[in-house]
Amino acid sequence: MRVTLLGAADEPSCYSRLVNDWVCLDYVSDRQQEIVDATIQHIGITVVSVLVGLAIAFPLALLARRLPRLESAILAVTTGIYTVPSLALFPLLVPFTGLTATTVVIGLALYALTILVRSLLEGLRSVPDDVRESATGLGYGRGQLLLKVELPLALPVVMAGLRVATVSTVALTTVGSLVAYGGLGNLIKDGVLTNFRAELFTASLLCVILAFVLDALLVLAQRLLTPWTKGARA
Amino acid sequence: MTVFDDMWRYLSTGANWSGSDGIAALLGQQLLLTVTALLMAMVVGLPIALWLGHLGRGGFLAINISNVGRAIPTFALLALLVVAPWPGTDQLGPYGRAGLATLLALTLFALPPIITNSYVAMREVAPEVREAARGMGMTGMQRFWRVELPLGLPLVVSGLRLALVQVWATATIAALVAGPGLGQIITDGFFRSNYGKGIAGALVVAAVALVLELLAAMVQRAVDPTRRGTPSGGHTDALSVTGATVDPPAESVG
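As they're listed, the protein sequences go chains S and C.
Every position in the first sequence, counted from 1, becomes a number in the numbering used here once 1038 is added.
Every position in the second sequence, counted from 1, becomes a number in the numbering used here once 192 is added.
Chain C extracted, bound-state conformation (with noise of 0.2 angstroms):
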C-alpha cells in the first residue's frame, strides 16, 4: 500500500528526525513531559494514599476516584484547559506550546490509578501480618515503612505502571488542542491529508508505549519481595475489575 511506503519513506529521512519539531525533538518532550507529570502526581498521590491505606480511612474516596476518573475524557478536560483563561496556550519552557494546560491534565489523568492502587495495596496486607506488627511492639510509623509498605510495593507499583502508561497516551492527545508532544506528527500527518507522516508518527508513539510498558514491568518485577513474579489469579492491579474491594479479605471458618 501506498502509504506504507509513504509512512517508510518520512521515518527513513534522516531530515525528519532531527531539527526543533522533528522525531526526537518531539519524543524527548513527550518523555519529559511524561516524567514530570508523573513524579508530580507521585508527590501529590502517593503520600495521601499510603497514610489513608495505612490509617483505613476514606476508603470510598480512594477507591472511586479511579471510576470517576475513567468516566472523564482527556480530550475534553484539555480542551477546556486550553480554551480556559488560565492555563491557556502559554509556552511553558521546554514544555512548549499550552505546557502547563498538558501538565496538569496529564498529572490529573495520572493520580486515580496511584491513588487507587496504593490504598488497595496498604489494605491488602494480611490482618495476621499486620497484627503480628502490633504486637512485637511496633510503633504505627514502624508497621508503615517495614511491613506495610515493603508488602503491598508491588500493588503501588503496579498502580505507577499504569500511570506511566496512561500519561504517554494522555500526552499523545495533547496534540489534538494543538499542544506538544509527538502525537503533533500524528495530527500534522493527518490534517494535511498526509497519511504516511501520521502513521509514521502513530507507530513511533506506539512502540515507546510498548518499550515504556515493558520498562515498567521489569522493574515491578525486581521491587517484588516474594519474588513470585507476575502473579495469577488472586493478586489484582487496577486492570482488574474485581480486586479493588475496600474490605479485608473474609476469614476462612475452621
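This is chain S alone, in the form it adopts within the complex (with noise of 0.2 angstroms):
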C-alpha cells in the first residue's frame, strides 16, 4: 500500500518529457502566469489590429462611395494586400517597423481592412433609396443622413465583416510569433521547437476558443445595437 502511494508521489507529471500528454492540467496550472500573459497579448494584438483596420476602412469606404471610379482601385489594392501570405507581410514590414508589436498590427490591419471595405460599402449600398430619399426629405444634411440613417441600417452588415475581420485576425495573429510578437503563437512555436505537447494543444485550443468567444461577443454587441431586427430574424 505506502510502496504504491509513494509511486503515484513520485510519478513525472503529465507535461514531463516522458510523459509528454497532450492534455494537461497540471501544465495549465503549473504555468498560468506564461498562457495568461500570451492570451493578453493575443487579445491586445487582435483588438488593436481589428479597430486600426476599422479606422482606416471607414473613410476609405467614404471616399469609395463618393468617387465610383475609385472604388475599383480601392477595392483591387486591398484585395491584393489580401492576397499576400501573412509569413511575407510581415518581413516586408520589418524594414519600416523592427520586430516589434506594431509590425504585426499593421501587417493584420491591413488584412482586416479588406474585409471591412467591402462590408461597409455592401452595407451602405444595401439601404433602400426611398430611406435616403425620406431623409433628405425631412431636412436631413449629408453627415446627418451617414450618422443617423445610412449607418445604423448598415450595420448588420458591416458588424458581419466585422466578425469575419475579428475571427480571421484571431487566427492570423499566431503568425505574428516570426517577429515574437504572436500571442497566443509564441507557445505554438515553443511547443512545436520543444516538442512539448501540452503547451502545444493548449494555445491551439485557447486560439480557438478566444475565436469564438470575441465573434460571440460581436452577435452580443449586434443584438443590443440593432434592437429593431430582433423579430425580424429568429
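Derived by calculation from the structure, the hints in this document are not laboratory data.
Values in this document were obtained by computation on a predicted structure and should not be read as measured data.
Hints may be right or wrong, so weigh each one.
Unchecked claim - Partial pick of chain S residues on the chain C-facing surface, computed with a CB cut under 7 angstroms:
#	residue
1	1119
2	1122
3	1123
4	1129
5	1130
6	1209
7	1245
As the list claims (entries may be wrong) - Distance windows between CB atoms, simulated:
#	chain 1	residue 1	chain 2	residue 2	range
8	C	223	S	1135	24 to 32 angstroms
9	S	1171	C	409	30 to 38 angstroms
10	S	1072	C	385	19 to 27 angstroms
11	S	1061	C	239	30 to 38 angstroms
12	S	1163	C	323	46 to 54 angstroms
13	C	286	S	1164	43 to 51 angstroms
14	S	1268	C	323	33 to 41 angstroms
15	S	1163	C	204	43 to 51 angstroms
16	C	248	S	1075	44 to 52 angstroms
17	C	334	S	1251	44 to 52 angstroms
18	S	1114	C	239	29 to 37 angstroms
19	S	1054	C	332	33 to 41 angstroms
20	S	1263	C	320	33 to 41 angstroms
Each residue gets a CB set at the ideal place from its N, CA and C atoms; glycine is no exception.
Take the two lone chains and join them into the complex the hints point to.
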C-alpha cells in the first residue's frame, strides 16, 4: 500500500518529457502566468489591429462611395494585399517598423481592412434609396443622413464583416510569432521547437476558443445595437 | 536602407537561385505542394458540395464550414500535425520534410472555400430557370450538368481561386514548423538575423501570390458563360460577407 502511494507521488507530471501528454491540466495550473500573458497579448494585438483596420476602412469606404471611379482601385489594392501570405507580409514590414508588435498590428490591420472596406460598402449599398430620399426630404444633411440613417441600417452587414475580420485576425495573430509578437502563437512555436505537446495543444485550443468568444461578443453587441431586427430574424 | 541592399544582393546572386535549397527549387516545391493540395481538395470537396447544392440539402454544414475553418489558425493545425506521431515530420518524396503533414493541412484549408462557394453556386441558380428545365422534362442529371453547373461555374471557380491563394499562403507558413516551401528562406533569414534574405524570400512569395491571383482571375473570367466581366454588386464570392445565404432569393411581389 505504502509503496504504491510513494510510487504515485514520484510519478512524473503529465507534461514531463517522459509522458508528454497532449491534454495536461498540471501544465495549465503550473504555467498559468505564462498562458495568461500570452492570451492577453493575443487579445491586445487582435483588438488593436481590427480597430486600426476599421479606422482606415471607414474613410476609404466613404471615399469609394463618393467617387465610383476610385472604388474599383481601392478594392483592387486591398484585395491585392489580402493575397500576400502573412508570413511574407510581416517581413516586408520589418524594415520600417522593426521586430515590434507594431509590425504585427500593421500587417493584421491591412488584412482586416480588406474585409471591412467590402462590408462597409456592401452595407451602405444595402440602404434602400427611398429611405435615403425620405431622410433628405425631412431635412437631414449629408453628415446626419450618414450617422443617423445610413450607418444604423448598414450595421447588420458591417457587423457581419467585423465578425469575419475578427475571427480571421485571431487566427492570423499566431503567425506574428515570426517577429516574437504572436500571443498564443509564441507558445505554439515553442511547443513545436521543444516537442512540448501540452503547451502546443493548450495554446491551439485557446486560440480557437478565443475566436469563438470574440465572435459571440460581437453577435451580442449587434443584438444590443440593432434592437429593431429582433423580431425580423429568429 | 541597408536591409534592402542585402535583399537586392541576395536576389541578384545567381547561386541563391540554383541548387537543392535555392529559390528556384523551393519555388517549384511550393507550387507542386499547392497544386497537389488543391487537386486533392477538389476531388474530395467538389462532388459533395455540388451534389448537395443540387439536392438543396446540408446547407447549414456547407455554409458554416467556412466559419469554422477561419477560426482555426493554420499555424496551430500544422504544428499539431507535425508534433503528432502521424503524419509527423517524415520526408515525403518531392514534398520534402513534413511533406505529408503540410499536404494534409493545405487540403483541409482548401476545402471550406471550395465547399461553401460550390454549394452557394448551385443554390443561386434562379428558381425560374430550374423550373423551366424541369418543365422541359430534363432529368435530375441533365439539369445538374446542362443547367445548374454551367450557370454556377463562375462562382465555383471563384471558390477555387480563393482556395488557391489560401493554399499558397498556407504552404508558406509550413516553414514555421520547419516544413517545405519558400517560407524556408523567410524563416531561415529571420532566425539567423539575416533580414535581407528573409525579406527577399517574402518578396518572391508575395510576387508569386499576386501572379497566381491574376492568373486565377483570368481563368474565372474565361469560364463566365454570360461574360459580364467581373461581377459587381449582386454577385458574391467567399470574401463577401453578405451573399452566402441558404435561402433562395425572395420572390418579388407584383
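Check your understanding: Do the Cβ positions of residue 1072 (chain S) and residue 385 (chain C) conform to the proposed distance bound of 19 to 27 angstroms?
Key -> Once the Cβ atoms are compared, 25 angstroms apart, the range 19 to 27 angstroms for residue 385 (chain C) and residue 1072 (chain S) holds.
Review point. Minimum Cβ distance from residue 1245 (chain S) to chain C below 7 angstroms?
Key: holds, 5 angstroms
Point to revise | Interface restraint verdict for residue 1129 (chain S) against chain C (beta-carbon cut-off 7 angstroms) | key: It holds, given that the least Cβ distance between residue 1129 (chain S) and chain C is near 4 angstroms, below 7 angstroms.
Check your understanding: Against chain C, with CB atoms and a cut of 7 angstroms, does the hint on residue 1123 (chain S) hold up?
Key -> holds, 3 angstroms
Review point. Given a hinted range of 43 to 51 angstroms, is it respected by the beta-carbon distance of residue 1163 (chain S) and residue 204 (chain C)?
Key: holds, 47 angstroms
Exercise for review: Tell me if residue 1209 (chain S) is really an interface residue toward chain C, meaning its C-beta lies closer than 7 angstroms to one of theirs.
Suggested key: Result: holds, 4 angstroms to nearest chain C Cβ.
**Study point:** Evaluation of the interface hint that places residue 1122 (chain S) against chain C, nearest CB under 7 angstroms
**Key:** holds, 4 angstroms
Exercise for review: Given the range 30 to 38 angstroms, decide if the beta-carbon distance of residue 1171 (chain S) to residue 409 (chain C) lies inside it.
Suggested key: With Cβ atoms ~37 angstroms apart, the hint holds.
Point to revise | Beta-carbon spacing of residue 286 (chain C) to residue 1164 (chain S) - inside the hinted bounds 43 to 51 angstroms or not | key: For residue 1164 (chain S) against residue 286 (chain C), whose Cβ atoms are near 48 angstroms apart, the range 43 to 51 angstroms holds.
Review point. Should the hint that residue 1114 (chain S) and residue 239 (chain C) are 29 to 37 angstroms apart at their CB atoms be regarded as holding?
Key: Holds - the Cβ-Cβ distance for residue 1114 (chain S) and residue 239 (chain C), about 33 angstroms, lies within 29 to 37 angstroms.
Practice item. Given the hint of 44 to 52 angstroms, check if residue 248 (chain C) and residue 1075 (chain S) actually sit that far apart at their C-beta atoms. Key: About 49 angstroms separates the Cβ atoms of residue 248 (chain C) and residue 1075 (chain S), which means 44 to 52 angstroms holds.
Check your understanding: Does the interface hint hold: is residue 1130 (chain S) within less than 7 angstroms of chain C, judged Cβ to Cβ?
Key -> holds, 5 angstroms
In summary, the numbered hints that this structure violates are 1, 12, 19.
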